[in-house]
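Engineer: These are the residues of each chain, in order.
There are 2 protein chains.
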Amino acid sequence: MCEAAAYILKNGREELVLADVDVIEPDGDSLRLVNIFGEQKTLKANIISLNLLNHKVILVEKP
Amino acid sequence: MCEAAAYILKNGREELVLADVDVIEPDGDSLRLVNIFGEQKTLKANIISLNLLNHKVILVEKP
Chain V
1059 MCEAAAYILK NGREELVLAD VDVIEPDGDS LRLVNIFGEQ KTLKANIISL NLLNHKVILV
1119 EKP
Chain W
1059 MCEAAAYILK NGREELVLAD VDVIEPDGDS LRLVNIFGEQ KTLKANIISL NLLNHKVILV
1119 EKP
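Chains as they are written, first to last, in this note's numbering: chain V, 1059 to 1121; chain W, 1059 to 1121.
None of these hints come from the bench; they were simulated from the model. Among these hints, one or two may not hold up.
[Said to hold, decoys possible] Pairs of lysine-lysine, DSS-like flavour, derived with a Cα cap of 27 Å:
1) W:Lys1068 x V:Lys1102
2) V:Lys1099 x W:Lys1099
3) W:Lys1102 x V:Lys1068
4) V:Lys1099 x W:Lys1120
5) W:Lys1114 x V:Lys1099
Just chain V, same shape as in the assembly:
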């Protein structure tokens, strides 16, 4: 499987937003994250980096 954990960068620390994420897509001015279990989270953020071999996606809150 090829899912990843999505973290948001806050005050220099990575906080887990959602594990096992499959899809991240724009939803208006927000991002919708969907994982392989169908769980969804929507937040005002941008994707800043990916490391797929480490299964990691880093987000930052929109200014």
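Following the hints, complete the assembly by docking chain W onto the known chain V.
Structural biologist: Chain W alone, transformed into the frame defined by chain V:
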């Protein structure tokens, strides 16, 4: 393996930027893409969506 193909959205069409991408990270105001063969591309773009089960990352050029 968990690499993905990175496409840039131009005039409503997806153009392949780099295949087998492992890492996408900020490089100044650009994005650096690195694939599993060590090939790199740097471009002024943002990541707008991911679909990891389909191994696809969509970028858009920065305005």
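Engineer: Could you tell me which of the hints above the structure violates, numbers in ascending order?
Structural biologist: 2
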